[in-house]
Amino acid sequence: MTDLMPRKILSQISSAGLAGRRSEIDAVCALAQSGADESDSWPVSIGLLLGPPRVGKSEILRACFDRLFNQQGEAVPFFHALRRSSLTNEGFARACLSQFLAQFAAFRRNDPRLIESIDHPLATVQRFALPEDYSAVKSVIDSFARAAADRDWAQMVRVAMSAPMLVAVQARLNALVMIDNCDLVLGTDLKAEFTAALAALGSTRSRSASYVLTGLRRPLVNSIPPDQEIFGRTTLIKVERTGDEVVEKFTRIRAQRLGIETSDSTIELMSEQLNRDFFYTSSILEAAASRGVSLKTFIEFERLYTTEVLNGRISHYLDASLREAALDARNVRAALEAIALVNEAGCPVPIDAVAERMGVPDGEGEALLERLHAYELLNLNHGFVSPSGDAVVADYVRAKHRNEITGAQAPVAGQELLGEKLKQSYRLMMSRFNRAVESQLIELLSRFDFQSVPASLFDQDDFEKRYRGVSRVQVRRALDDEVNRVRLPQVVFVHDLGHGEQPGVNWRLFAASGFEGGIYTEANEVLWVIALINSKEPLDVESLNHIDQRLEPSLRSKVGKSGVLSHAVRWYISKEGFSAIAAERLSGAQAYRSSYSHLDLLQDYLTRLALSSTTRPASEFELVIPIEDEAELIAARTAEQIARAADFDQESINQIKTALIEACINAAEHSDSPDRKIHQRFAIDEDKLIITVSNRGKTFGTANGKPAPTVGASRGKSARGRGLQIIRALMDQVEFERTDEGARLVMIKYLKRPSS
Amino acid sequence: MNEDIRTRLVEDAAVIYSGPYLNQLRGERIEMVCQELLDQGVRRIVVNFEETELINSIGISILLGVIESVNNARGGLVLSNVNQSNRELFEMLGLGAHVVMAETEELALLSLTGETVEAMG
Chain V
1 MTDLMPRKIL SQISSAGLAG RRSEIDAVCA LAQSGADESD SWPVSIGLLL GPPRVGKSEI
61 LRACFDRLFN QQGEAVPFFH ALRRSSLTNE GFARACLSQF LAQFAAFRRN DPRLIESIDH
121 PLATVQRFAL PEDYSAVKSV IDSFARAAAD RDWAQMVRVA MSAPMLVAVQ ARLNALVMID
181 NCDLVLGTDL KAEFTAALAA LGSTRSRSAS YVLTGLRRPL VNSIPPDQEI FGRTTLIKVE
241 RTGDEVVEKF TRIRAQRLGI ETSDSTIELM SEQLNRDFFY TSSILEAAAS RGVSLKTFIE
301 FERLYTTEVL NGRISHYLDA SLREAALDAR NVRAALEAIA LVNEAGCPVP IDAVAERMGV
361 PDGEGEALLE RLHAYELLNL NHGFVSPSGD AVVADYVRAK HRNEITGAQA PVAGQELLGE
421 KLKQSYRLMM SRFNRAVESQ LIELLSRFDF QSVPASLFDQ DDFEKRYRGV SRVQVRRALD
481 DEVNRVRLPQ VVFVHDLGHG EQPGVNWRLF AASGFEGGIY TEANEVLWVI ALINSKEPLD
541 VESLNHIDQR LEPSLRSKVG KSGVLSHAVR WYISKEGFSA IAAERLSGAQ AYRSSYSHLD
601 LLQDYLTRLA LSSTTRPASE FELVIPIEDE AELIAARTAE QIARAADFDQ ESINQIKTAL
661 IEACINAAEH SDSPDRKIHQ RFAIDEDKLI ITVSNRGKTF GTANGKPAPT VGASRGKSAR
721 GRGLQIIRAL MDQVEFERTD EGARLVMIKY LKRPSS
Chain U
1001 MNEDIRTRLV EDAAVIYSGP YLNQLRGERI EMVCQELLDQ GVRRIVVNFE ETELINSIGI
1061 SILLGVIESV NNARGGLVLS NVNQSNRELF EMLGLGAHVV MAETEELALL SLTGETVEAM
1121 G
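Order-wise, the sequence lines are chains V and U. Quick note on our numbering: the first sequence kicks off at 1 and runs consecutively. Quick note on our numbering: the second sequence kicks off at 1001 and runs consecutively.
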């Protein structure tokens, strides 16, 4: 059985919705193997699956259940989601035990339908057990019945919680027990027995069981006692928000399935504005489908978003979250006041001030804030309250507060929220671009480790003098020959110093702390303060002054015990470079000056050094052309540009173009690709250009790499079959490969170096 | 790309301009134009490759068919202004024996009257 989950049993969303969660699913399933060592027994392991709300924790557990169930291997999965209706000891124990035994029987019989037998009396569930499991299951049920008869709730909970382990060990299997919504036990009578049962399991030595708990992460983490042994036994599996790419792919697939027209830019905006949240994204898409609207333009999306936040599925979900956190209607208003206040403040607000605004009796305010913190509707830190960072919650609260609490006059048409979001949409897209560059810079700084790198990458004027008009490929080759070098420090940590903006320019500041020279003393401590600047024009002196004003305090604050910072370096990275005056001033201050493209070159350079080889990472380009008349000319022109940039002489360029045209014609003639496209990849290596042309044809004008026989050989027809002959004659290496999807032709042309 | 083929009559000869890219489309148009010329009694034809940067194998095969048709009609066809890359292409395909080339259009026209001809090889 493979990992492809052919049967959906508990899982509720498509595989696209689970995209990017493979590693978390693997990590949870791997816990089922821990302690599987035949030679010894280990303490039962406990895993905590932690992550922000709506990140997919429940679905990850369900997907793990499906995977292990379908694998029918040595691990039997159990899953139980706590419900508010079953939070008494007895209620939980009965629900839990029924479910576990039904799932065990279903697994052993490889019949998912038996999972539904949870609603049957335990005696019925017992009958579904395999003959070889019957005695173990009966033993568990009998223990449970005795505890129930004695009204020993604690024992009932213990039996229910340990049932998976007991039945699994008898069947010589490992049990993976997954329990969702564990935060619900907190504050109830069940909590004591639940945690006691877990503790008892945790001290049991068994080859057979692992428990994974999930729920609201903050209350779960806070409930772990400061016990070294417990922490030693507990595995933390963190679920972070997925990346843009995963969410955007999900959005495209889902939109296509729902028949919604979209555009790349709107999908990117959705990902950014909805903070890569699958629930919010699904809500928008389903709303678009049900209303029959498209999501091709920003305004179409923002209109739908506004409707959803004010009175749609998103609004209803957040209403429910607020009610659950607030526990009663009066507190809902207080909760809205609190969240609105901290969102409006834009900075942490003392708890007392927030509690006062909430208008609830003393003591209740802080308790309510704790619950809002548990639900991650805001943040509590050391006596201060700050926004949650969820922009959708902020929009929802702002609109609700405006419409229902302050009683602001609504517009006669349209919504204010729509106007706000349209204004923000451009800024959001810019911040997305900025975020990518910031991530790149932070990752780069983390790689600083005493390397010696070309100095021109930190001196834009010098770089321009050396390399103006030179292709990037040639620059990368020439960097090695530079005599002037900069020795990078070893960066230990990077601080975010905040951001700022002026009309037409925005910036983000960082401080990278580390050591120089490989010696870890105060004297060798160094601080790089970095300004990452995004502007439409070269940075001018006025903007530079603003940036420096923000940098100065950071420089002053970063001092050693002696009160003096040994060495500080300023590095300004500006997208559009620097004005002459700004450059002169920075040069006088011996500050480093780079552009965004220098970051790319520096990254390439460090990668090459890390690989410790003379092979430069290849530049790669991809092109997809339709199978239609003369589309191969586009490919030829592209190849010409690439080859020229890589320093190929004109004769070689002509040969490359001719060969590529023949390859495209062959691909077109022999392709049965449903998308009617030819895919090409161009990779420039140190001394060669590698062109790969792919199609979904059964052949590539060849039979096993040899030219296909032509039928009816007239002189005219025979030349038609000579495409591969031309390719082999013009290119230095030609290889034909079969792929899963079709065929691939790889052509290599070596760079002719001038003879010395 | 416009497949219209530019043609020029020079006394009793014709010059066909093959255009920047000789592929199947243009090749077939040249073939058609050539046939029309032959039908009109033109027996001296020059195909001027001055603008032709690229030729593909299908274009070549059609061109060979055109040469054959002209030969069968007891006419003469010369290629002119063929650049080095395209010359090498013809050579590579072993077509030297089947095509006659001249440096320039004028020389090509002269060659068709029996004057100096630069043959391949």
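Worth flagging that the hints you see were computed from the coordinates, not collected in a lab. Think of the CB as a built atom: it goes at the ideal place given N, C-alpha and C, for glycine as much as any other residue. Don't take each hint at face value.
Just some of the chain U residues that point at chain V, by a computed CB distance under 10 angstroms [as the list claims (entries may be wrong)]: (1) Tyr-1017; (2) Gln-1035; (3) Glu-1036; (4) Gln-1040; (5) Ser-1057; (6) Ile-1060; (7) Asn-1072; (8) Ala-1073.
A quick look at each hint next to the structure:
1. Tyr-1017: violated (18 angstroms)
2. Gln-1035: violated (14 angstroms)
3. Glu-1036: violated (19 angstroms)
4. Gln-1040: The hint is violated - Gln-1040(U) has no Cβ within 10 angstroms of chain V, the shortest such distance being about 23 angstroms.
5. Ser-1057: This interface hint holds because 5 angstroms falls under the 10 angstroms limit.
6. Ile-1060: Nearest chain V Cβ about 5 angstroms off; hint holds.
7. Asn-1072: violated (12 angstroms)
8. Ala-1073: Violated. Min distance 16 angstroms.
When each numbered hint is compared with the structure, violations occur for hints 1, 2, 3, 4, 7, 8.
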